[in-house]
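Participant: Residue numbers (this note's numbering), protein chains in the order written: chain A, 6 to 302; chain B, 32 to 419.
These are computed hints drawn from the structure, not numbers from a lab.
Where hints are given, some of them may not hold.
[Unchecked claim] Each computed EDC-like pair below joins lysine to aspartate or glutamate, with the alpha-carbon atoms no more than 20 Å apart: (1) 241(B) to 67(A); (2) 241(B) to 65(A); (3) 68(A) to 281(A); (4) 240(B) to 281(A); (5) 247(A) to 281(A); (6) 209(A) to 67(A); (7) 343(B) to 310(B); (8) 366(B) to 408(B); (9) 68(A) to 110(A).
[Claimed, not checked] Which chain A residues face chain B? A few, computed with CB under 7 Å, are given here: (10) 86; (11) 88; (12) 125; (13) 129; (14) 170; (15) 290; (16) 295.
[Unchecked claim] Simulated restraints on C-beta separations: (17) 300(B) to 265(A): 51 to 61 Å; (18) 26(A) to 246(B): 23 to 33 Å; (19) 248(A) to 285(B): 24 to 34 Å; (20) 61(A) to 45(B): 55 to 65 Å; (21) 34(A) to 95(B): 56 to 66 Å.
Glycine included, C-beta positions come from ideal geometry on N, C-alpha and C.
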Amino acid sequence: MSDEITMSCESCEAFDPQPPANPVQALLRQDRMPTIWCPGCGLGTTVNSFAFALLNSGADLDKIAMVSGIGCSGRVSGYMNFDSFHTTHGRAIPFATGMKLANPDLTVVVYSGDGDLSSIGGNHLIHAARRNVDLKIILVNNMIYAMTGGQAAATTPGTSISTTTPYGSFEPELNLPHLLDAAGACYVARWTAFHVKQVETAVKEMLKKKGFSFLEILSPCPTYFQRKNNLGDGLAAMEDYKKRSKIRHGARTDEVAIIPGHDIICGKFVDRERPDYLSLMRQQLGEHYHETAGAVV
Amino acid sequence: MLSATADPVGVLTGVHFMNGDAAACEGAVAAGARFAAGYPITPSTEIVERFANRAPQVGGVFIQMEDELASSIAIQGAVWAGRKAFTVTSGPGYSLMMEHIGYAAMTETPCVFIDVQRGGPSTGLPTLPAQGDMMQARFGSHGDYSTISLCPNSPQECFDLTVKAFNLAEQFRVPVMVMMDECVGHMTEKVAIPPAGEIGIFPRRVTTKKPGEFLLYEPGEDLVPEMAHAGNGYKVFVTGLTHDQRGYPLMSPAQQRSLVTRLFEKIKRAADQLVMIDEENVEGADVVVVSYGITSRVAQRAIQMARSKGLKVGRMRLQIVWPFPEKRIREVAGKVKALVVPELNMGQVVLEVERCAGGQCKTIDVPHPGGTVHKPEDILEAIERGAR
């Protein structure tokens with residue numbers, strides 16, 4: 006096989022049979038590749054941006070714990086070469102909450118999907134933002150329950166076709182930035198899988214931010230959402246994101262709902278300072294709090 | 032086995048007058064629990080109220096979560112971050128926690144669930160006792176798994192058995208249930224807390240292997256794997272999916288067989304060391320009353336009444352109900368006329384007694400829907416029936 010490749014590339018003097026290693030390779034569990042994700046899915050792209058952000062952030066990679074729930078996006082934690090926790094459906098955030106409070110030295114990242122974090126796990130999302138636990142939440146929104154075969158989600162835009170809304174959805178979609186803003190998140194941003202550099206920048210900002218940080222990344226599901234709604238393949242989705250996305254930092258979050266055919270408002274909507282849960286706990290407890298060496302077994 | 036002793040910082044050595052809920056909390060703190068998550072529910076709330084008070088004194092954290100789903104998984108995040116952790120609830124909350132009892136069983140996360148049982152089904156009787164969650168403790172989460180349940184019958188035992196629950200959780204890496212009931216939780220009695228040096232502790236089985244040499248789910252000789260915590264360079268992979276020894280998802284019938292069999296076997300093999308029965312006058316008895324929790328105290332009265340009538344009655348009080356002490360029940364069933372099983376439910380543990388007795392003797396249930404305890408006379412009547 007290598008002969009064939011060499012022959013076809015003879016004219017290229019710079020040909021190197023060993024392609025340069027991808028810098029993010031070390032951050033992935035090589036023995037778990039390939040992923041289960043479909044061709045054209047945006048998840049891999051988001052992971053790439055996330056990995057670059059970590060590499061370029063100077064974060065202590067041994068102290069990163071990745072927590073996911075269930076679903077296509079729920080598989081991210083297990084592909085990353087960190088401490089990986091693939092939890093139950095919707096419960097990544099409370100698991101992460103326990104982990105962060107038990108060992109504040111950890112950087113706890115929750116990487117999961119829209120159905121997982123905002124529908125079955127919606128209550129946890131609200132309360133973790135309200136408490137301002139120092140968690141980094143990356144919610145990949147493909148607007149559908151993909152792993153179970155394309156059912157409508159709380160984030161499915163109104164009138165969209167899914168396997169459980171064959172006549173089009175009758176429900177309006179959840180505007181996640183608005184919800185998180187109201188619940189008190191310190192950082193709220195939205196980008197799409199098209200915005201690879203902006204996602205990387207957002208993740209780096211979240212890593213620096215102390216407090217509940219939330220990033221929504223729109224990502225195509227060519228297998229279900231795009232196909233069911235005649236929106237073309239993954240590439241068509243990228244073109245659509247490029248065309249419809251309008252960057253409006255600081256936009257009012259009640260004006261950023263995702264409506265089919267309308268602009269997709271992207272950007273950093275919220276960036277506020279608020280003491281996080283552990284800081285408030287220590288401050289409030291004052292002399293009553295005794296940190297003991299024996300706390301961690 | 033209990034190679035360590037309690038950290039004195041968490042042990043309130045001395046003689047106290049406290050209720051079962053408070054004693055269970057002190058048992059947890061003495062055992063080394065430094066994290067609890069809970070959601071208020073009668074009649075268990077006093078346990079977390081006390082822990083909220085005690086936690087800062089011992090470097091611990093208490094967080095009141097938004098529901099029991101969250102509480103029961105937050106504790107597992109804390110465990111993988113290196114703490115000993117527990118949660119507390121009663122029937123309706125216990126139902127919500129089933130999801131994560133299964134997760135703890137599958138991921139072998141050592142943790143403790145305290146269920147202060149009240150009348151059910153559904154909202155039932157929030158302030159009144161029952162023992163209706165006993166089968167739920169054993170089989171409540173979906174799929175097959177094995178776990179351990181303890182049943183205290185006094186505030187003293189709420190302390191002692193909660194300490195033991197933490198030790199068993201660490202030893203076997205399973206979720207362990209402390210199955211209290213409203214009466215035991217709210218009963219106030221003398222509780223003697225020993226010096227820290229006299230409280231044996233089973234330390235977490237943290238691996239000494241280096242990252243790269245360590246497999247997260249490689250079973251030891253007793254089929255229990257060692258653990259590594261997040262943040263220590265091991266890059267652990269924990270999943271509720273059927274997994275291989277690396278922790279990686281491997282969803283094949285062969286792996287399912289190997290994993291689920293081991294999750295069962297690690298408890299089954301240790302069945303003999305997991306027998307904890309308070310027995311009295313069992314040898315030579317015609318009738319033995321098998322009971323647990325608050326019902327055992329009513330049964331004791333019935334036993335005394337029967338003895339005063341000249342009947343030969345023995346007592347078997349199950350302190351560990353799950354795994355069920357099959358061998359011992361079978362043995363006793365072969366020597367008596369009847370086993371009498373009063374419970375504050377419509378007949379749960381009696382099914383196991385009957386199965387193990389295997390027809391060697393009569394098995395007489397004394398069901399009760401809860402809300403109060405049995406009348407001793409009802410148990411006495413069953414004893415007399417058994418003695419005939």
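Participant: Indicate, hint by hint, whether the structure satisfies it.
Facilitator: Here is how each hint holds up against the structure:
1. 241(B) to 67(A): The given pair, whose Cα atoms are some 14 Å apart, holds under the 20 Å limit.
2. 241(B) to 65(A): Between residue 241(B) and residue 65(A) the Cα gap is close to 19 Å, so the pair holds against 20 Å.
3. 68(A) to 281(A): Status holds; Cα separation ~19 Å.
4. 240(B) to 281(A): 36 Å, violated
5. 247(A) to 281(A): Outside the cut-off at roughly 35 Å; violated.
6. 209(A) to 67(A): 17 Å, holds
7. 343(B) to 310(B): OK: residue 343(B) and residue 310(B) at ~14 Å, within 20 Å.
8. 366(B) to 408(B): 25 Å, violated
9. 68(A) to 110(A): Cα-Cα ~7 Å, so holds.
10. 86: This interface hint holds because 6 Å falls under the 7 Å limit.
11. 88: 4 Å, holds
12. 125: Violated. Min distance 9 Å.
13. 129: Interface hint status for residue 129(A): holds (6 Å vs cutoff 7 Å).
14. 170: For residue 170(A), the interface hint is violated, since the closest Cβ of chain B sits about 27 Å away, which is over 7 Å.
15. 290: Since the shortest Cβ distance to chain B is 5 Å, the answer is holds.
16. 295: 6 Å, holds
17. 300(B) to 265(A): 51 to 61 Å: Taking Cβ atoms as reference, residue 300(B) and residue 265(A) lie about 59 Å apart, which means the hint holds.
18. 26(A) to 246(B): 23 to 33 Å: Holds: the Cβ-Cβ distance is about 26 Å, inside 23 to 33 Å.
19. 248(A) to 285(B): 24 to 34 Å: 50 Å, violated
20. 61(A) to 45(B): 55 to 65 Å: 56 Å, holds
21. 34(A) to 95(B): 56 to 66 Å: For residue 34(A) and residue 95(B) the Cβ distance comes to about 36 Å; the hint is violated.
Hints 4, 5, 8, 12, 14, 19, 21 from the list above are not met by this structure, while the remaining hints are.
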